[in-house]
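**Q** Below are the chains, spelled out letter by letter.
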Amino acid sequence: MYNDTVQNLPPALTPDTFDALFAQCLPKPQTERWTEIAWETELWPARQRSAQENKPLFLWAMNGHPIGCV
Amino acid sequence: MRRERTYSDPRIINLLNERFVNAAVNINSLQRQDDDEGRCFRLIALQGRFKLSFEDALDQVAQTDHGECHQGQFVATIDGELLGSRHTADPDELLDMLTTALSNWDNRTTQREVSQIGDFNRDERYIWQYPEDGLVLHLGCTDLPRSVDTRPDGVYRTAHNQDFVWITREEMLSIVPDGVQKGDRFSLPEAIHRRLVRHHLLDIVRGETPAWSKEVPQDVALELHVTDVDSDHVHMTLHGGGKLQENGTWCTQPPQRSIYRRGQMCCLIEERGFEPHILGHVAFDRVQERFTRFDVLAVGTRWGGTTFNVRCDDTDAAPLGIAMTIANTDAFSRIPPHSGPRSYFQA
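Those protein sequences? They're chains R and E, same order as listed.
Numbering (my numbering) for the first sequence: 1101 to 1170.
Numbering (my numbering) for the second sequence: 78 to 424.
One or more hints might be untrue.
Unchecked claim - Using C-beta positions, here's what the derived DEER-type ranges look like: (1) E/Gln258 with R/Glu1136: 44 to 52 Å; (2) E/Arg334 with R/Thr1117: 30 to 38 Å; (3) R/Ala1120 with E/Asp305: 17 to 25 Å.
What the hints assert, rightly or not - Quick look at which bits of chain E chain R covers, simulated, 3 or more residues with Cβ under 8 Å: (4) 113-120; (5) 147-159; (6) 395-408.
These are computed hints drawn from the structure, not numbers from a lab.
Idealized CB from N, CA, C, for every residue including glycine.
Generate the whole structure from the sequences, applying the supplied hints.
**A** Here it is in structure tokens:
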């Protein structure tokens, strides 16, 4: 599957290209609007808050943590 | 991808913040947990995902080995009475479900009064200890620009993912040997080396993927070079690279445009690989005993895929970038790494 005739070569990683490539790879806050939602990151504290505030519980359940690697 | 597509819609953000208590949860552990939290989740998911009645679901909540995936979006009372469920990335579909669930909330038969929920003892197989005084890195992963790009327009062109790297305090303090001098070179401690390679040099751009096999880390070198030493700090660069390659039989979900669905036609991938070059800038404060900089970048060619990282139609070699930097300390930055605690710390 992989051989020496790769069409899409990666950019060179050097001290000069480091900063730009580094910035490209990290999440950018302006695209992460889902962080504006007041998520609990585990079910139990959410269940406790739901009991205290008497509001319905919304669960976003994924393989992998939805706020981490999903 | 789902994060940005579904939960960046202002209507969703406002409704969830105003009318619901929201939880983002990892079913890899939750659907298997042999404790009250696991039973509570299974009660809700068995109704929502598998359409069981409340009573039938209640009969099955003790089973921790239900093999099917419990993913989805659910609205429930604290007693597990299901008010709505869906498994969608479409904000309009989610909005419809939430609206219906609010109507059902008005007609609920449980949680009519404000009540108290006590604490519980978590199944010890799934207990993560956040490394309070250790080193936690925020990892970002994305496809880098391609000179020949055959991907269809859409979310996959801008896909990115994140993870967190956990290094305990004891491990962190073992990274920089005592008495190092400018010009010294040394390897990362083996446990950290193996963890970084097996669990974090992974193609997770479109979705989760398993750790590399135990044999793979030896194929990647990682070495710290001391560039400067003063009374407080040791400044270093991290250098490394290698070729990670693994064969397997990963049966994947066919692409969205396929007329087939999973199980009807196996879309098989038999190889995955990543050939990274690695460079990092690292600084350790010897007085405070903490890292003040830990910026690491891996750039290289990836190919292939696995069952859940959605590369079925994008297995050809293409550039991938993975960056790591010291994480914030807010709640969203305390999410455990993508793994189980035992396999992660004994990589």
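**Q** Each hint should be assessed against the structure and marked as holding or not.
**A** Hints and how they fare:
no.: 1; hint: E/Gln258 with R/Glu1136: 44 to 52 Å; result: 48 Å, holds
no.: 2; hint: E/Arg334 with R/Thr1117: 30 to 38 Å; result: 36 Å, holds
no.: 3; hint: R/Ala1120 with E/Asp305: 17 to 25 Å; result: 24 Å, holds
no.: 4; hint: 113-120; result: holds (count 4)
no.: 5; hint: 147-159; result: holds (count 9)
no.: 6; hint: 395-408; result: holds (count 8)
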